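Undergrad: This is what each chain is made of:
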Amino acid sequence: MALKTVEEIKAAILAAVPGAAVKIMPNPSPSAQQSLLIEAEHATAIATFLRDDEELALDYLSNVTGVDWLDKEIAEKVKVTRQVAKPVEGGDPGQAEMVDETVEETRKHIEPGYLEVVYHLFSMAKKHGPMVLRMRTANRTDKVELPSLTPVWRSAEFQEREVFDLFGIVFKGHPDLRRILMWDEFKDFPMRRDYVEPDDFEYEPTPHDEVLKRAQEHRAKVAAEEAKS
Amino acid sequence: MLGEGILKGLAETARNFAGSFVSKERMTTVEYPEVRLPLPEAARNFPFLVYDGNDWEKGLRCVACQICEKECPPKCIYIEKSKDKKPDYVGKPQIYPAKFDIDISVCMSCQICVEVCPFEAIKMNTEFELSTDDRFGGLLLDRKELAKSNEYYHTIHPTEAREVDARLAQEKAKVEAKAKTAAEAAAAKAAAVATGASAAAATANPAAAPVASPSTTKAAEIAVAPAAATAPAAPKPVAGTGTDGPAPMTESEKKAASEPAKPGEGEPKA
Amino acid sequence: MSTSSTPLGNVTARLARSEKLEGKPEGWNRPPVIEVEGDSELLELAMGPHHPSTHGVFRMDVVLDGERVIKLKPVFGYLHRNHEQLGQSQSYLASMPYTDRLDYFCSLSNNWAYALAVEKLVGQVVPERAEYLRVILAELTRIQNHASTIGFLLQEMGASGTPLMYAFRERELILDLFESLTGSRMMCNYMRFGGCRVDASEAWLDGARKVVAALPKFIDEFENFLMSNEILMARCQGIGVLKPELAVNAGISGPMLRASGVNYDIRKVDHYGIYDRFKFRVPLGDHGDIFDRYMIRMLEMRESVSILEQALKEVPGGPVMDPKAKIRNFRPKPGEAYGRIESPKGELGFYLISDGSPNPYRYRVRPPSLINLTVLEDMCLGSNVADVVLIFGSVDIVLGEVDR
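Residue numbers (the numbering used here), protein chains in the order written: chain Z, 1 to 229; chain E, 1001 to 1270; chain V, 2001 to 2404.
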């Protein structure tokens, strides 16, 4: 592939769009398709540069994907030094002195989750690629806006609509942002990891796992209602 | 001339129309159901359970390992294990499925259950005229409806059935040979113990260790493999079966450990 | 090859120069706004989803001024079966039969694209015989898909099924080949990560050679039948023109892109599989209209026959499955991969993110049919309703892929 490495592309972007924050995301799998994480602020400028640059000429946006990363609870073992009152040895039971004690304790904190959109770019003029771009939202609840790349590459039009429909990322600058696969009045975002399906239990002859649980709950509910009436 | 292209096309159609009266390859319509085309051998529709012999309950090859249930993509198989055991084709007692339901309105004929079955118990049927008027129960096939004999398997997939039979016969022979050597070694050991010669015990030990569990086919291979530390010679080209049979192995190991005929060798090489 | 004067100019040279788009005005890649003259009343019509010509359950909300299309909005999602979410809730192998049902005409191409993506994710090597079988089956799929598409075009033009049945006659021979190898005519579920499921016997390869030997005669007959037909030419030439810059910017791929003159065939660009070993040409169109798209498909059928002849001559022996490949308990290490192939409809890609568990964390299908529909409005504005049906047919979509 004649495409430059991610480091060179990052340098080119920083040269063309000063002030942009670009980070290289490693990819440990053998496919070695590393990606660049960009910020929402300069996204349109970076995208226009990537499309119009002489050497990169990434004029073909092939794929737009949405990914949902949930909040992660991280438990760390931390060594904490505290002052603890210890009774003095060989002295009165009432006397105590302050002693430094080092204790290992497990601290838990929650890393906030985010929604991510991944763009795969190729070049039809130079016949190279892929180059992967990523953009992340601040969190999953209220700050879910990202700039739309549809004015730069038209192929993002339907795909960003799908990401909006299934994940809930709002793309600013999209000419026609509405639901594409679900019907317009649908309320939730189905591909998110915490989506709960509506309970529409039907005849289930071979239930497994969650369906089995739901089937048993349903049967218990029906039996209780019949016992009552 | 205007319309020449259309006339060329019409000439083509006329040639096909007239030709369909004389040539076989232009007349491609078959009047089903009076005339039925033979299906190719590899055709598949819905699964069925194979049984050996005449009694479908006694000869059922399935041991309810539930691997097919786990791997089925639309989860259309439902298995309940039995509480007792019945002997399988090598004589080893195995549990069998008390319930084995396949919902063929959900089954998508992907053949993954056949691929992952370690006991050659489930195979693909070719029958497609299965319509019924009971929407709910009529398409849920139970154990009795699914069980078909090995002779039937030979009629629908002859080549495959012959290969399967050859494989099973090979493993049965291996198991019987091991059982014979185990019996001979045990007899020799008993004789050695009687004479008190430790050398005989030493020679009997390495001979008996790989033989300590005369279990079913796959389990025997899996048991032999870690001992011999070679890649298992899996009968199918699918090589991942080394991880497949933990359930039968533990049972056979338990069986082996409790067999009275082998003093002291209850530690199959796990 | 369109390298000299055509109505679109020197397309290949232009794109090789990577023409700067800065000179283009703002909103150049948006559909034009058609002015309505006079005070005619506009009619809003929903074409579909129950429609014999929409290739499935697909709706187009058109605003009409008499017969002319002023606005067109495609509406789909009627066949949404949450394939991606299913893929994330079951193992990698269990998704393979579901990929058959994405583009249900070309199930073996879908299988190969998914297997390719997973093999990229884990760095799996595929044995040679399996690569040859994959190429043979993919090219057979391409031929039967293109033949059916051309047949459907004529069906939509009003030829009432006869040319379609000729295409289906050849398609039946190819489907019989698939059935004797994989067990099923359409939902083949044949490729695995590391090769193919079962080996092809010598008898099957001979049968394939016979079918391929009979194909050039059929393609000649088909071409003779259609391509000089005056009605077809009058209805297809100059209709639904797609300019190459817009095609590239809108992410179009496959025969639709090449009909607009852009030389981009993933078999040549990515060198996936063993396509480097075969000599074949990539036909390009001059005008980007419906007639070009059909001519491209006709020519691609011929190129596929040539690839098949070369491949069937040199199929090597050996295993069809890498012996170290795992079928069950397949847990790739964390990472991600994007694998794509040239399916008969365009670029079919799979994007997989793995987090070390037996199920993928993110499983995404890049559907060529959906993205090729982006420019449907641009192509249809200003033409008649009858043309909309033909233009839509020339995009060649399958709803299973659009909606997943």
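If you're looking for bench data, these hints aren't it; they were derived computationally from the structure.
Heads up, some of the hints might be wrong.
[To be verified] Calculated pairs, BS3-like style, for lysine-lysine (alpha carbon to alpha carbon, straight line, at most 27 Å):
#, chain 1, residue 1, chain 2, residue 2
1, V, 2243, E, 1024
2, E, 1024, E, 1148
3, V, 2210, Z, 172
4, E, 1024, E, 1070
5, E, 1075, V, 2210
6, Z, 143, Z, 187
7, Z, 221, Z, 10
8, E, 1174, V, 2324
9, V, 2324, V, 2217
10, E, 1070, V, 2324
11, E, 1008, E, 1085
12, E, 1075, Z, 221
13, E, 1058, E, 1099
14, V, 2243, Z, 127
15, V, 2324, Z, 172
16, E, 1083, Z, 213
17, E, 1099, Z, 213
18, V, 2279, Z, 126
19, E, 1085, E, 1178
20, V, 2279, Z, 127
21, V, 2333, Z, 72
22, Z, 126, V, 2217
23, V, 2210, E, 1024
24, E, 1008, V, 2313
25, V, 2268, Z, 4
26, E, 1083, E, 1008
27, E, 1085, E, 1174
28, E, 1070, Z, 213
29, E, 1144, E, 1086
30, E, 1070, V, 2279
31, Z, 77, V, 2324
32, E, 1099, Z, 221
33, V, 2268, Z, 127
34, E, 1086, E, 1174
35, Z, 213, E, 1172
36, Z, 213, E, 1081
37, Z, 23, V, 2333
38, Z, 126, V, 2210
39, Z, 187, V, 2313
Computed from a predicted structure; not experimentally measured.
Undergrad: Return the numbers of the hints above that this structure violates; sort them in rising order.
TA: Of the numbered hints given earlier, those the structure breaks are 1, 2, 3, 4, 5, 7, 9, 11, 15, 22, 24, 26, 30, 31, 35, 38, 39, listed in rising order.
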